[in-house]
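Student: Now for the letters of each chain:
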Amino acid sequence: MDFFRQHILSIITYTPLVGAFLLLFIDKEKKDAIRWVANIVGFVGLIVSLPLWFWYNRADGGFQFLEQHEWIQAIGATYHFGADGISVLLILLTTVLGAIAILSSWTAIQNRVKEYYIFLLLLQVGMLGVFCALDFFLFYVFWEVMLVPMYFLIGVWGSDRRLYSAIKFFLYTLVGSVVMLLGILVLYFHMPEGQRTFDYVAMMNFLHASPLASNVARFVWLAFFLGFAIKVPMFPFHTWLPDAHTDAPTAGSVILAGVLLKMGTYGFIRFSLPLLPHESAYFKGMIAVLAIVGIIYGALVAMMQKDWKRLVAYSSVSHLGFVMLGMFCFNPNGVNGSVLQMINHGISTGGLFLIVGLVYERRHTRLISEYSGLSHVMPVYATYFMIIMLSSLGLPLLNGFIGEFTILQGAFQVSHVWAAFAVLGIILGAAYLLWLYQRTMFGEITNEKNRTLKDLNFREVATLLPLVILAFWIGIYPRPFFRILEKPVNRVVATVQPDKFALDADGNLVPANVNPAPAAPAAAMTNSAAPTPVPLAVSATTSVPVPGNK
Amino acid sequence: MFNQYFQPNDILIIYPELLLALFAMGVMIIDLFLDRAWKVLNAFTALVGIAYAAYALYRLKSNALNLSGYNHAILNDSFAIYFQFVFLIATALVILISARYLSIEGENRGDYYALILLSLIGMNFMVMGIDLITLYIALELMAVSEYILVGYLRTNRQSNEAAMKFFLLGAFSSGILLYGISLLYGISGSTDLRVIAQRLAERPSHDPIALVAVVTLTAGLLFKIGGVPFHQWLPDAYEGAPSTITTFISVAPKAASFALILRIFIVGLKPLETSWVPVLSVVCVLTMTLGNITAISQSNIKRLLAYSSIAHAGYLLLGLIAGNEYGITGIAIYFLVYAFMNIGIWTLVVAMRRKDLIGDQIQDMAGMIYKNPGAAVLMLVFLLSLAGIPPTAGFIGKYYLFASVIQTHHYVLAVIAVLNAAISLYYYFRVVVVMFMSEKTDEEKMTLSPGVLTSLAVTLVFTLLIGIYPEPFIRFAQNSLSLFQ
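Top line first, the protein sequences correspond to chains A and B. Under my numbering, the first sequence has 272 at position 272, and the numbering climbs by one with no breaks. Under my numbering, the second sequence has 75 at position 75, and the numbering climbs by one with no breaks.
DEER-style ranges, computed between Cβ atoms: (1) PHE21(A) - TYR15(B): 43 to 51 angstroms; (2) TYR55(B) - LEU50(A): 50 to 58 angstroms; (3) GLU202(B) - PRO236(A): 51 to 59 angstroms.
Beyond 10 angstroms from chain A on every Cβ pair, some chain B residues (computed): (4) ASN71; (5) MET164; (6) LEU169; (7) ARG203; (8) LEU290.
None of these hints come from the bench; they were simulated from the model. Keep in mind that this is a model prediction, so the values were computed, not measured. Note that CB positions come from ideal geometry on N, CA and C, so glycine has one too.
Bound-form chain A, shown alone (with noise of 0.2 angstroms):
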């Protein structure tokens, strides 16, 4: 129990690995001995997951679990793993989504099953890697790892045009990322010879007592921003989006949206916001221009579409966009409701992918028109989807709600102007999916083929039932997650804006002195007791917390 508690977080990452490992001496022929094995590793890499949600000590805030080994010493790179509250709410989104697209897949693929569950648990081992690696260097291979399955899962399995998706995907992401590692480099070298790491925590004091030029730093920080925003992704960079989401396979989809997409907002709060605080500010108005066009444009642009799938795809633009502009808020309602909105958007928008891909997988078309009064012969499944669609397009008492309103609270105390562009967005998303749910559920059953479709069985409704419940307690008592990131989203905060925001001894936020010091944001980084100068003496001192004092 001991060695589970220290090394926590490898073994969620790694339980998939190990199930991809295991499922390479199983014959290609036994399909549903496959099956069973992708479907019970997606559980139990759940189930490990799952303690860190109880373990997590929210009283303190900082960073947990830590794991820290050598690795590559001639270049500082470490074996540095270690989650906050941001990261413990993503770590176990990404294994409840993992869990469900593997159920979710059991009839769906028919073909080359075996290699379709490796990738698909390839895929959880890299996007569990990069929301625990506190090292840029181990960040930015698990970064990487996660392309290669993710371009076979939409270049195999997908529909229509998948070679020119998937690869657009890659590429796309690829030249993000590599600009991104151009710009972890300048940080790198702008550390002196012999004190030179990757390590985050470490890093970050660094940056800290001695900051970059800051013509320097805003370069760095575009760097940055194009490798988050393609994955966001942020307009004008979304174009591989809908291509991608709507040619990949059901489980593919629900994956990307629901978590892939988080990886660069992840990214931006994690990394952009702490490292380069001033940098940041500088292009707050940018973003938030960003994200409003994205949050109108992609809503109008869904209202447009005729292929239910690409619906969906660009109402994840639209709702990336709040996630967006609630964190450049830079207070604590904007921040909180922009990480609660990750959650959301993994819950509805992964909900809706499994919608269309039930209707998918009977009919094997995605056209709207196709489909008109499904509510008559499939009952259960309108039901399910009125209940998601209504979360998503955030109606009280549902989740989408309650991540809307905190960030339009955060926005409106920072411009008003922002707020009401983003209330827009909020009707137009109404407009979108009630349409959408209207033509296709509703009214009489025009096409013969639509007459004999078969509603929900056991399997399909254990895959959304899942969301349904966690949009339902997010939705009517959001407390415990608001708690879970109190402290991280405090940290974060005050070191934005350190002119407006301290953290006081427990961690939470007070107004900042008038005349603050200028070491200010990098004490409120490390950890309140302790804080040395020494960058890698401090993240010796992060791990006094030891997972089990609650």
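Fit chain B to the known structure of chain A by using the hints.
Tutor: The following block gives chain B in isolation, referenced to the frame of chain A:
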């Protein structure tokens, strides 16, 4: 017998090369007594020679002798020893895959292995020499062996044509190189690179004669590594040569030429840095970009890999332009990595060759995942490594090279380089698409000889190992930093 120009110690320093020369002769003599069925023993003899030389080299490394000999014409420092290990590894892998291929082509003779060993001796001297005359002779020994090997398939028109082109252009470029060497000698009165560096430092910074010397030297050397605009011979030679020889010349001689360039530019021409860095920067950008863009439209896997190898030469120039510790370590580790990943992929191309199939079209790999899943996955790993995607070894190599130019603030160069890396992914994945996402066109599976299997196992293990745990390999590559002493 011994005098001031020839000491007992001198023999010791070149002991590995003496062994190799002995074995090269031995292979040819043994070959005379071998039946057709026993020709595989030639490969075995050559491998024993290489193993023996590697052991001698290892002893040399750990004995820490004074490794300067022949009146300071030879310097067997840890830089040289590191590169010799790379050559030995690459050559051994190539010999492993040669026997089966040669017997399919009906040219299984001992002189093939003798020539490879002679070429290896030339390469070893190229990294040991610190005197321009020694370097030039070593270069020619390597090059002449290669010309013959490229044309080794006597009855194959393509092979002959490739050899002729390679030879003519090679001879021409050697002439230009020699011209540059003579100019340097004229300026400094010495052929020792260290003395040349001193003399050049005493001259005015923009000396036109020195500039002409640099330009001619650069032109001659760029030819050897296939730098744009001296790259035209390369795709033809790679396509026409026997696949095993292409495997060889795409790795070992390229590494040797690069080591030679490092020695000349970092030791000898350091004082003229301000004049050669801009020139090489332009060449570097052109080489990367042209190599990658041209590779996109190739339908022949050998030509595709040829253009990809031009692009890789461009990436490697980044390390030279940076000229710092990161850059030199980067070039060193890149060649170690390149030896494994490139030989790995070429081994698969060699294995595609059957009695009835040349196997050099990308389309010949259609549906490989159904027929030879193992080979397809290996190919994927090597392609990812060439594209520099972690956790493969190629990423570590690219990381070092890109980092080196960031350290010296060549930001524009760095951005162009990483964008090129993204372009390269596109054509590498064209091969992946054919292997994994098209239907198979025939049923016949690949047959892998024991030699090919060994080579594949070694290359795969190291391609992944260097990618996941590069620490010991980086330490090993840092031996090359003795270049700066």
